[in-house]
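Novice: Letter by letter, the chains look like this.
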Amino acid sequence: MSGFAYRRRKTVSTVVLGLCASSAFVAVGVLALILGFVLVNGINSLNLDFFTHMPTPLGEPGGGVANSIVGSLLIVGLAALVGIPAGVGAGVFLSEYAGPRLGNVIRFTADVLTGVPSIVVGVFVYSMVVLKMGHFSALAAGIALAIIMLPIMARSSEEMLKLVPRSQREAALALGITRWRTILSVIIPAARRGLVTGGLLAVARAGGETAPLMFTALGNRFFSLSITGGPMDALPLRIWRYGIGPYSEWHQQAWAASFVLVMMVFAISLTARLVLTRR
Amino acid sequence: MQVGRGKSAAGLAGRRPWGTGNLGDALARAVFAGLGLSLLAVALLILYELVLESRRSISAFGWAFLTGTRWDPVDQVFGAAPAIYGTLVSSVIALILAVPISLGAAIFLSEMAPSWLRSPLSFLVEMLAALPSVVLGLWGIYVLIPWVRDPVETWLGGHLGFIPLFDGPPFGVGMLAAGLVLAIMVLPIITAIARDVMQAVPSSQREAMVALGATRWEVILGAVLPYCRSGLVGAVILGLGRALGETMAVTMVIGKGYNITASLFQPASTAASTLASEFNEAAYNLYVSALVELALILMGITLLVNILARLLVWRVARSPEVIAE
Amino acid sequence: MKTDSQIRPGAPTMSYEMRVESEPQATVSEAEALSEGVVVRDLNAWYGSFQALREVSLLVAPRRITAIIGPSGCGKSTLIRCFNRMHEVTPRARVSGQVLLRGEDVYAPGTDSVLVRQRVGMVFQKPNPFPTMSIFDNVAAGLRLNGFLVRRSQVAEAVERSLRQAALWEEVKDKPNRPATELSGGQQQRLCIARALAVEPEVILMDEPCSALDPVATLKIEDLMRELAREYTIVIVTHNMQQAARVSDHTAVMMMAEDRAGEMIEFGPTREVFTYPKDKRTEDYITGRFG
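Chains as they are written, first to last, in the numbering used here: chain X, 1 to 279; chain B, 1001 to 1325; chain V, 2001 to 2291.
Worth flagging that the hints you see were computed from the coordinates, not collected in a lab. Heads up, a few of these hints could be off.
Said to hold, decoys possible - Straight-line Cα separation of at most 16 Å, EDC-like style, residue types lysine to aspartate or glutamate; simulated pairs: (1) B:Lys1256 / B:Glu1278; (2) X:Lys132 / B:Asp1072; (3) V:Lys2126 / X:Glu159; (4) B:Lys1256 / B:Asp1072; (5) V:Lys2126 / V:Asp2137; (6) V:Lys2280 / V:Asp2259; (7) X:Lys10 / B:Glu1218; (8) V:Lys2126 / V:Asp2214; (9) V:Lys2278 / V:Asp2259.
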C-alpha cells in the first residue's frame, strides 16, 4: 500500500475536517459578534427610566420604552392564550384521534403553514380583522401571532404526546376511564414537560416577530392597555422605528430595546430547554 | 358505599356515574377534531382572502403584473418583476454563502464534536436562530453596512469591478448586504436540520466504511452524506423557504431601489421589503390590492418551495425545537 | 402416590402442598359460568384482515383461577383483551361472537365498553403505573377519574383496602405520596393490581403478569392470586406451564392453526389437562415437544 497516497488522503481529510470545525466556529462567532454589539451599544442606555418611562417628544433625550414592553406582553399574552391551547388541541387530535390519511393531510398543512412568511400573515389579518374593525388593535396583532404559533404548537405537541408510551393509555382505558378523561388526566400530564417547552419556544418565536405587527398593531407612542381600542406598541416595532429613524438618541434606544428583547427571547428559550432536560 | 357489586345491577348498557355517558367522549372528539381541522381552515382562509383582495389588481394588470418592471404608486402602475427578482436573487446569494458553512458546521456537530461540546454548541447555533429579525436588521444597518461598503465592496469594486456583479459605486446597502443578512438568518436552520439528518444515519454505515480503511473525511463523504442526501437537500430548501419570506432584516439593509440589474451593489427590493415599506402608506384601493397581490405571489413561491422541502425532509428525525422554527 | 411426572414423563410436577388447601378441582359447570363467571361463545377476532382467533369457546368459573396457555402467537393475549373490550382499542380490530359476563354479552349492541372495563380489570405484562402520580394517586386513579368517589376520606379508605388486598400496604403505608416509579418491579406490579382492585371489578385479567419479574416477586404474586381468587374471578395468560400448573384451577389450551389463527383446543380442570390431556397437541405442548 502506497504510503504517499495514504498520507495525501489523510491530509485531505484533516484539511476538510478543519474547515468543518471552522465553519462551526464561524457560526458561533457570528452570533457572538451580533450579541456583542447589542450588548455594548445597548447597555449604555439602560437605566430604570428606560423600563418605566414613556418615549419623550421628538428630539428630546431620555424617555423609555415602558409602553412597548407592556404592549409586547399584552399582544404575546393574547396570542398565547389562543394559540397555545388551540395548538395543543390540534396536537391531541393528530396524536390520539386522527386516522392516517386525515392526519397526514393536517400534518402537511401545519408544516406548510409554518413556512408562510409572517408578513403575509400580517397582510391577511389586516384584511380580515383590521379593515373590518376599522382600526388597528392589539387584538388583531394577537390574532396574527396566534396564527403563527398555531402550527408550531400543533406539531410539537403531537410529537410530545406521541412519546407517551402506549402502555399508559392502555392502563387507563383498562380501568374503565373514558377516552377524554384519559387524554386530559393521564396523557397530557405525562407529556407536560414537552408541551411546556413547545409553548415557551412558540412564545419566544412570537415575541420577536415584527412584520405581522406592522399592519395590525401599527405601533403607538403613547401608553395603551386597550386591546380593541386602537394601535398598540411593541418592543420589536419600537426597535424598527427608532432604528431607522433620524435621531441618534433614537438609535441608542433601539440598541437598548434590542438588548432587552434579545435577553427576553433567550431567557425564554433557555428556560424551555431546561424544562425539557431538568424538571 | 358499595361501588363494585352494585354495578352488576346497573347492567352494561346503563349510565356512567361520571359525566353524561357517551356525550363526554363525543364532545371531546368534536372539540379536538375542530381544533385539528382549524389548521386546514386557517390555511384555506389565508389563500382565499389574499386572492379576494388581489382581484382588483389582477384584473387591472393581468400577467403584466409579473413581468412589469415599474412600480409607481403615483401613476398607478404596478409591476412586480424587480421585487420577485430581488427576492430570488437575495435568497440565492444567501444560500451560496450559508450552505457551505452550514454543512460544515453540521458535519462538525454530528460527526466530529466531542460529546461535551456537542450540546452547548448546538444550543448556541439554535440561539442564533432565535435572534429576532429586527435586531439582526439593526446590527445590519450600523455594523454590517459600513463594513460592506468599505472594505468589502470597495475591494470587490476595485479589483473585480469589470464583472457586472460588482459594478457600480459601493453604497453598502443593497443586494449584497441583503444576501449577507439572509445568510446569517438561514445558517442556523440548515445547520440544525442537516445535523439531525446526519445523526440519524445508522452507525453501521459508518463502521462499514471505517472497516474498509477510509479516512475520517472519506467515511463522511462516502457513508454519511450519500445516505442522507435527500434530507440535506430538504434542509437547504427549507432554508431557502425561510430566506424568501424574511422581512425585517432584509428591509433594513437592502435600500430602496426598484430595478433589475446584475450589480450586487445596487439598492434593491424584495417582495417582503416592498410590503414592509409601503403597506402602511398605501392610500388607495388599487395600491393596496397590488400589494396584496404581491403578498399572494410571495406566499405562492414560499409555498411551492416549502412543499418541495417537506417532501424531502419528512420522516427524518427532527427535534421539536427545530420544528418550532 | 405417583407424581405427575411419573404418570406422564415431561409433564410439570405439581406440588401437592400447594393444592391441598384448595377445593377439589371440579369441571366447570356451564350454569355457574353463565350466572357468575364468564362464558365465551364462538369468538372470532381480527386485526384488519388477519384473523387472530377462530371460533373460540370457553367457560370461566367464578372465583377460580383459569389459566390460558399455549405457544407464542397463538392469540392468548388477544383472547383476554376481548374480555374487557381492549381488543378494539387497536385500530382496525374487530370481533364477532359473544363474551358473556354474568350472562350479559359485552359485545351486545348498545353496550358501553367503559362500563365493561370497570367490571373487568386488567393487569399487564410490564407493570405500568402512571409515572406522574404518587403511589396513592395511582391506586385512586380509577376511582377519581371515573367519578366514583371524590371525598378524600372515602378515597383514602378505598386505597388502603386495595393496597392491603394486593399485599402491598405494609411496604408503602409510610410513603404513599412517593412517586410510583420508586418501587421495585414486583412492587409496581402489585401496585397495578391494587389499582385494578380499587375499582372493585368482578373479573381480573392478568396478561403474563410475572414475565417481567424475578422469581421471588413471581412467587409473591402467585400467592396473591390465590388470595384474590377467594373473591374475584381470575383469568391469567401465561407461557410458563409450571406457573399454570401451580396456580390455576382450570386451564385452557390454545394453539395456532396453519393460517396463524388461534384456536381453543382444550380446557378443563388443570390436573386433568396436565395429566390426561385429551388432545394430542396439548400433550405435545405440555411435554415440550414443541412450542
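Novice: Give a verdict on every hint.
Specialist: Against the structure, the hints come out as follows:
Restraint check for Lys1256 of chain B and Glu1278 of chain B: satisfied, since their Cα atoms lie roughly 11 Å apart, inside the 16 Å limit. The straight-line distance between the Cα atoms of Lys132 of chain X and Asp1072 of chain B is roughly 28 Å, outside the 16 Å bound, and the hint therefore fails. The hinted pair formed by Lys2126 of chain V and Glu159 of chain X fails the criterion: a straight-line CA distance of about 24 Å is larger than 16 Å. Restraint check for Lys1256 of chain B and Asp1072 of chain B: satisfied, since their Cα atoms lie roughly 13 Å apart, inside the 16 Å limit.
A threshold of 16 Å between alpha carbons decides the hint, and for Lys2126 of chain V with Asp2137 of chain V the separation of about 19 Å lies outside it, so the pair is violated. About 19 Å separates the Cα atoms of Lys2280 of chain V and Asp2259 of chain V, which puts this hinted pair outside 16 Å; it is violated. In summary, the hint linking Lys10 of chain X to Glu1218 of chain B is supported, as the alpha carbons are separated by about 9 Å, within the 16 Å threshold. As the CA atoms of Lys2126 of chain V and Asp2214 of chain V are separated by approximately 12 Å, the hinted pair is consistent with the 16 Å bound.
A C-alpha spacing of about 23 Å is found between Lys2278 of chain V and Asp2259 of chain V, which places the hinted pair above 16 Å, so the restraint is violated.
When each numbered hint is compared with the structure, violations occur for hints 2, 3, 5, 6 and 9.
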